[in-house]
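Going down the list, the sequences are from chains A and B.
At position 192 of the first sequence (counting the first as 1) the number is 192 in full-length UniProt numbering, and the numbers step up by one without a gap.
At position 262 of the second sequence (counting the first as 1) the number is 262 in full-length UniProt numbering, and the numbers step up by one without a gap.
Keep in mind the hints are simulated off the structure, nothing from the lab.
Just so you know, not all the hints are guaranteed correct.
You can't tell identical chains apart in this list, so a pair holds if it fits in one copy or across any two.
Below 20 Å or equal to it, Euclidean Cα-Cα: the simulated SDA-like pairs (lysine to any residue) are [claimed, not checked]:
| hint | residue 1 | residue 2 |
| --- | --- | --- |
| 1 | 216 | 252 |
| 2 | 216 | 249 |
| 3 | 216 | 250 |
| 4 | 143 | 35 |
| 5 | 14 | 303 |
| 6 | 143 | 44 |
| 7 | 324 | 132 |
| 8 | 184 | 78 |
| 9 | 184 | 388 |
Protein chains: 2
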Amino acid sequence: MSMCVATYRAYDDKADFNKKALSIAVGLTVGSWTELPEAQKASMEKHLGKVLSIDVHEPEQAAAGERYADIKIGYPDINFSRDIPALLVTIFGKLSMDGRIKLLDLDVSEDFASAFPGPAFGLQGVRDLVGVHDRPLLMSIFKSVVGYDLAALREQFYQQALGGVDLIKDDEILFENPLTPIEKRVEVCMEAARQAQEVTGQKLLYAVNLTGPTSKLAQQAKKAIAAGANALLFNTLSYGFDVLHELSSDPEINVPIASHPALAGAIYPSAHYGMSPSVLLGKLNRLAGADLVLFPSPYGSVVMPKEQNLAIDAALKQPFHHLKQSMPVPSAGIHPGIVPLIMKDFGQDVVVNAGGGIHGHPMGTAAGGRAFHQAISACLQGTPLEEAAKQADHQELASAIQAWGIKK
Amino acid sequence: MSMCVATYRAYDDKADFNKKALSIAVGLTVGSWTELPEAQKASMEKHLGKVLSIDVHEPEQAAAGERYADIKIGYPDINFSRDIPALLVTIFGKLSMDGRIKLLDLDVSEDFASAFPGPAFGLQGVRDLVGVHDRPLLMSIFKSVVGYDLAALREQFYQQALGGVDLIKDDEILFENPLTPIEKRVEVCMEAARQAQEVTGQKLLYAVNLTGPTSKLAQQAKKAIAAGANALLFNTLSYGFDVLHELSSDPEINVPIASHPALAGAIYPSAHYGMSPSVLLGKLNRLAGADLVLFPSPYGSVVMPKEQNLAIDAALKQPFHHLKQSMPVPSAGIHPGIVPLIMKDFGQDVVVNAGGGIHGHPMGTAAGGRAFHQAISACLQGTPLEEAAKQADHQELASAIQAWGIKK
Chain A
1 MSMCVATYRA YDDKADFNKK ALSIAVGLTV GSWTELPEAQ KASMEKHLGK VLSIDVHEPE
61 QAAAGERYAD IKIGYPDINF SRDIPALLVT IFGKLSMDGR IKLLDLDVSE DFASAFPGPA
121 FGLQGVRDLV GVHDRPLLMS IFKSVVGYDL AALREQFYQQ ALGGVDLIKD DEILFENPLT
181 PIEKRVEVCM EAARQAQEVT GQKLLYAVNL TGPTSKLAQQ AKKAIAAGAN ALLFNTLSYG
241 FDVLHELSSD PEINVPIASH PALAGAIYPS AHYGMSPSVL LGKLNRLAGA DLVLFPSPYG
301 SVVMPKEQNL AIDAALKQPF HHLKQSMPVP SAGIHPGIVP LIMKDFGQDV VVNAGGGIHG
361 HPMGTAAGGR AFHQAISACL QGTPLEEAAK QADHQELASA IQAWGIKK
Chain B
1 MSMCVATYRA YDDKADFNKK ALSIAVGLTV GSWTELPEAQ KASMEKHLGK VLSIDVHEPE
61 QAAAGERYAD IKIGYPDINF SRDIPALLVT IFGKLSMDGR IKLLDLDVSE DFASAFPGPA
121 FGLQGVRDLV GVHDRPLLMS IFKSVVGYDL AALREQFYQQ ALGGVDLIKD DEILFENPLT
181 PIEKRVEVCM EAARQAQEVT GQKLLYAVNL TGPTSKLAQQ AKKAIAAGAN ALLFNTLSYG
241 FDVLHELSSD PEINVPIASH PALAGAIYPS AHYGMSPSVL LGKLNRLAGA DLVLFPSPYG
301 SVVMPKEQNL AIDAALKQPF HHLKQSMPVP SAGIHPGIVP LIMKDFGQDV VVNAGGGIHG
361 HPMGTAAGGR AFHQAISACL QGTPLEEAAK QADHQELASA IQAWGIKK
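Make a model of the complete structure from these sequences and hints.
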């Protein structure tokens with residue numbers, strides 16, 4: 001029987017977790033079982049959820065609130081349509097409101113996954129577009145540009161591009177507005193990108209923020225692409241994963257999509273409620289077709305624990321049916337002195353993504369980008385940053401280290 | 001200055017909450033302020049967020065984790081477009097991931113609200129459709145019908161309708177499927193409704209579950225309406241509030257929409273993260289145009305604390321710009337012996353919504369509906385249920401009380 005499998009952590013000081021697991025498996029599928037007539041059981045069996053495992057954690061000290069069980073339930077695919085809303089409503093719709101319970105993991109069947117093309121570009125496709133295969137990519141984030149006009153926006157873009165970054169992303173709170181409408185923003189920024197490329201030799205992707213009414217997003221994306229956009233930024237959770245899936249599956253939206261985690265903090269951080277980061281930001285983003293996935297890094301002030309970062313990384317990169325890998329983008333609090341940690345944790349297949357760590361560089365925004373490139377090169381060569389910073393052509397790195405240090 | 005105002009509860013054992021509030025107001029709008037040149041300040045001031053109040057709660061015992069502040073921030077409307085995704089990403093996008101912080105309340109400006117028609121029918125419109133103005137409405141929930149064919153579905157519908165209920169809702173986990181596709185389901189159930197009405201005299205609304213790909217929902221709704229559907233059920237959180245807003249604003253979707261809370265438990269229950277129920281299930285549902293709003297009642301096993309229920313009730317009914325009231329539907333664990341409590345808590349403007357309390361009635365499903373009507377009549381007349389149950393024509397109520405008791 002083809003099934004999607006959900007793993008939950010359910011907390012309860014006294015519950016019989018076997019009973020609890022059975023009530024989930026039955027209650028969220030056929031509704032009732034033991035009282036059904038035998039003839040009906042035969043026809044309903046293919047719809048019945050299965051308890052696959054129950055792993056009870058009895059705390060030694062029996063501290064109230066610490067007793068839990070990890071419960072794995074299989075949901076027959078026949079019960080729901082091949083879309084993320086149907087899957088989520090089935091496995092965690094009513095159940096999310098049933099006491100302290102968190103969705104830890106989710107495995108979708110081959111059959112369910114077959115309805116999802118996944119990332120159109122993926123990790124390798126994004127590398128191909130910028131022509132970089134032998135190092136982490138470098139992304140720069142616009143500093144707040146709310147209220148900026150096109151000229152000011154262009155200037156900030158150009159300074160970032162001059163630092164040789166591979167990607168520049170819009171601020172996620174820059175919405176459609178009369179000063180810098182999407183097609184104008186794309187036009188002036190892509191022109192600045194070409195101009196900077198003449199200096200740096202580096203092609204770059206500009207992930208422009210796709211906003212507005214849900215039913216107009218595809219049209220808006222195509223307008224941006226017609227104006228020259230070569231990537232999109234999308235606040236996935238504010239619209240729903242199905243919308244990302246539809247955008248990424250649209251053959252006319254032929255540019256990579258970066259999924260922003262805005263609002264995710266309402267769902268993943270609690271130990272007792274919500275969904276784990278690897279499901280919410282990892283598997284669901286990849287299934288829905290995110291080519292790049294942003295999430296809070298463990299390095300700065302807006303933090304997510306490192307093991308959760310690594311679980312997202314695994315969800316984005318490990319084999320997952322036919323789906324391409326998505327590129328992880330740990331974000332917030334990144335400066336050049338953190339690059340060795342990023343590469344230790346994520347390897348080379350990662351986007352080093354910085355905002356303040358580029359714009360706040362003592363020698364300016366363009367120097368900020370160069371400092372990151374120097375740090376990345378040093379790491380690839382196995383040279384400690386302290387050493388690399390002494391080289392005559394690595395003043396930008398030296399200055400960055402002086403400002404922010406090296407995180408061990 | 002026209003602003004939307006968000007109220008947060010931020011937990012921190014040591015933080016300077018004044019600084020924290022200022023960093024939110026600046027960081028989520030203009031990005032930086034004190035370091036801006038004066039000329040730029042003049043032009044940017046209209047974009048700058050405002051700290052409206054900070055109310056610090058210092059615990060007497062200084063128990064770790066219990067120190068918090070309620071912080072009110074005003075966000076100038078000029079910064080975001082007139083849609084719920086832009087509003088939520090602004091006020092709680094990045095901020096949701098910034099430590100222990102919960103969105104407690106949200107007041108939108110007149111200007112922002114003007115983009116939202118809100119509930120097309122609302123509480124009074126739903127009453128008009130069923131022709132009932134002097135008592136709570138009664139809704140019956142399909143018992144699990146996953147795997148049922150049209151004949152079995154129809155029979156269950158008919159038995160519910162015979163009990164004289166005002167509304168019948170689909171199971172939220174019944175998705176588009178070959179056995180009971182939406183237009184067929186509507187056809188056979190509406191025919192059963194007409195047949196039952198000849199017996200009961202009661203008009204009823206059938207809220208059929210609207211599912212499938214986001215871009216096809218409007219079309220699917222219109223297909224259902226063409227087949228005779230007179231109401232829709234929608235799993236709002238699995239699609240996003242903007243999708244509900246677009247559906248409810250569509251003049252061709254001229255039937256009331258009931259918003260189901262599936263997945264809401266991933267967001268509201270934690271003290272430290274997410275959004276309060278009154279924002280998530282109250283204000284956002286009403287803004288997005290839900291005519292009926294389902295949420296977990298405080299009476300059964302899947303519970304929400306009563307004060308949170310009452311806060312949702314207030315959000316759905318209190319004056320909110322030009323928006324019609326939405327009808328509250330506290331759900332789960334409802335039997336006739338709970339009716340006095342429901343009416344004490346919600347007044348008459350409420351939907352008494354039962355599943356097991358109707359289907360599980362000792363005398364059968366139709367008797368289950370009648371028992372609820374008898375309980376509602378008794379409450380309206382000020383007769384205690386114990387007394388009412390003694391009347392010769394109230395056997396169904398007597399039987400229900402014998403089975404489930406009366407909750408005080």
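Each hint tested on the structure:
Taking the closest pair of Cα atoms, residue 216 and residue 252 come within 20 Å of each other both inside a single copy (14 Å) and across two copies (18 Å). Taking the closest pair of Cα atoms, residue 216 and residue 249 come within 20 Å of each other both inside a single copy (16 Å) and across two copies (15 Å). In this assembly of identical chains, the alpha carbons of residue 216 and residue 250 lie at most 20 Å apart whether taken from the same copy (13 Å) or from different copies (14 Å). In this assembly of identical chains, residue 143 and residue 35 lie within 20 Å of each other by CA distance solely across copies; the values are 14 Å between and 62 Å within a copy.
Proximity of residue 14 and residue 303 under a CA criterion of 20 Å is satisfied inter-copy only: 17 Å between copies versus 34 Å inside one chain copy. In this homomeric assembly, residue 143 and residue 44 come within 20 Å of each other (Cα to Cα) only across copies, at 14 Å, whereas the closest approach inside a single copy is 57 Å. Proximity of residue 324 and residue 132 under a CA criterion of 20 Å is satisfied intra-copy only: 18 Å inside one chain copy versus 55 Å between copies. In the homo-oligomer, the alpha carbons of residue 184 and residue 78 lie at most 20 Å apart only across protomers (19 Å), although the nearest pairing inside one protomer, at 47 Å, exceeds that limit.
Within a single copy, residue 184 and residue 388 get their C-alpha atoms no closer than 41 Å, and across copies no closer than 71 Å, so neither meets the 20 Å cut-off.
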